[in-house]
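Quick note, the sequences are listed as chains Y and D, same order.
The first sequence runs 1 to 244 under the numbering used here.
The second sequence runs 1001 to 1228 under the numbering used here.
Just so you know, these hints were derived from the structure itself, not from any lab.
Quick reminder that beta carbons are idealized off the backbone N, C-alpha and C, glycines included.
Treat the hints with caution; some may be incorrect.
[Said to hold, decoys possible] Taking beta-carbon pairs under 8 Å as the criterion, some of the chain Y residues facing chain D (in silico):
| no. | residue |
| --- | --- |
| 1 | PRO7 |
| 2 | ILE75 |
| 3 | LEU78 |
| 4 | THR138 |
| 5 | ILE170 |
| 6 | GLY177 |
| 7 | LEU192 |
| 8 | ILE199 |
| 9 | GLU207 |
| 10 | MET210 |
| 11 | VAL213 |
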Amino acid sequence: MANHSIPHQIKVWFSTKSSYTGNQGAIHLLWQHVEISGLSILAAAVVAIPLGIGLARWRRGGVVVTSIANTARAIPILGILILLAVGPLGVGMSAAVAALAIFAVPPMLTNTFTGIQEVDQDTRRAAVGMGMTRWQVTRRVEVPLAIPLIATGVRLATVQVWATATLAAIVGSGGLGQLVVTGREIQNYGELYGGVVIIVITALLIEGGMALVQRALRRRFGDAGSERASSVPIASVESVTTAS
Amino acid sequence: MHPPAGFTLHVGNPWFSWHYVTSNWSTIKTAARQHISLTLISVGIGFGVALPISALARTSPVLRAIVLGTSSALYAVPSLAAIVALYPFFGFSRWTVVIPLAAYSLVILVRNILTGLDGVPAEAVEAATGMGFSPFRTFLRVRLPLAVPTIVAGLRLATVSTIELVVIGGYVGTGGFGEYIIEGFENNFYKAEITTYIIATVLLALIADALLLVAQRLVTPWSRRGAT
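Let's have the full structure, built from the sequences with the hints guiding it.
Printed below as a string of structure tokens:
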């Protein structure tokens, strides 16, 4: 193979209209990628955030959260994706959504849990002293104070899911990974590297965009989480490690 | 590597079969050896590069920002994209997976090493300086040992995630358990094969994690009572 011609092939691929249009075009695949990622993040958030809030009230909650995170870390996502595809869900989008959702739970769960747990005891006591019920304390005091960290969890999960959704193409669920998979199969290096370029750029945009959203949220809900979030990169990294 | 042509119907196609495990034991062992060596090389290179980079990053806030910024950008690059992108250059050689996985390990390790070094109490450093330790000796004898629990936490993370990512290398056929997970998928959904190699991956990850934890306890006996 003539490696020196790869940049040329990439240029040709990017400047050909059919690269973007049709069922296998970049635009359709990008939309599929958005659908797969969006649905799985949504599904994971619906489970992980309430679970994190609930577990934070429970004395043994920390053990549960750590074991869920550690177990998820040890499971290969590509394996689960394939297992779901050959199993009940079949080849297609639902297998990808389900597999990605499983892996989006730990970052949101750990960060929600930590956010609620680290609410100052005195603040909590003050709220109780004002006559709030336990539920009111959670809803009006703990959750708003935990929002910066919950946002960190959502951000980590989103970046991770977007990158990992590339794998969906291996089991025929589409998405941007399809460009890489097809490009490799038919030895079209323009498409392969064009796909890599699009995936990397969109991933970086998502990462940057989420960072901006998070900053805006912090400005609105106070800076409580920021210092903590940056001083515990272990917890944050831990949540990202299953990425891609 | 592929079973003979007449063997692809997988009678009953169970989710798991001991028969599959016992009759393919030598293949599983070979795959395990490949998986372990790819993991060790990747994490080893990552660690070897992360240590000097972290030490350097601590010398100035600008360098630190550059190192952290670059590493989080690196982390956003999907591993499948990185592996497939390198494939035309390195083919089936181990570098196709080792280069991206070493880079991901590097990212995890740099952050943890930095956190570990930052967490060293100033009094300990002052005491060392007061005893006449040179800055290099202080780094080697005081800062680094005190940072070990955090660094090992990073190593555990890097190792477990590398074990998962080696699986993705299986897609381009670079060896390890992933190759057989993909093979089972392509070979008429051979569930027993897929499940066997998933379980093997999980076991390998758990064993590696436990070994590193034990190693950490051994090298830092003082932290056993600690908060880590």
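A quick look at each hint next to the structure:
no.	hint	in the structure
1	PRO7	violated, 13 Å
2	ILE75	holds, 6 Å
3	LEU78	holds, 5 Å
4	THR138	violated, 27 Å
5	ILE170	holds, 6 Å
6	GLY177	holds, 6 Å
7	LEU192	holds, 6 Å
8	ILE199	holds, 5 Å
9	GLU207	holds, 5 Å
10	MET210	violated, 10 Å
11	VAL213	violated, 16 Å
Violated hints for the displayed structure, listed by number in ascending order: 1, 4, 10 and 11.
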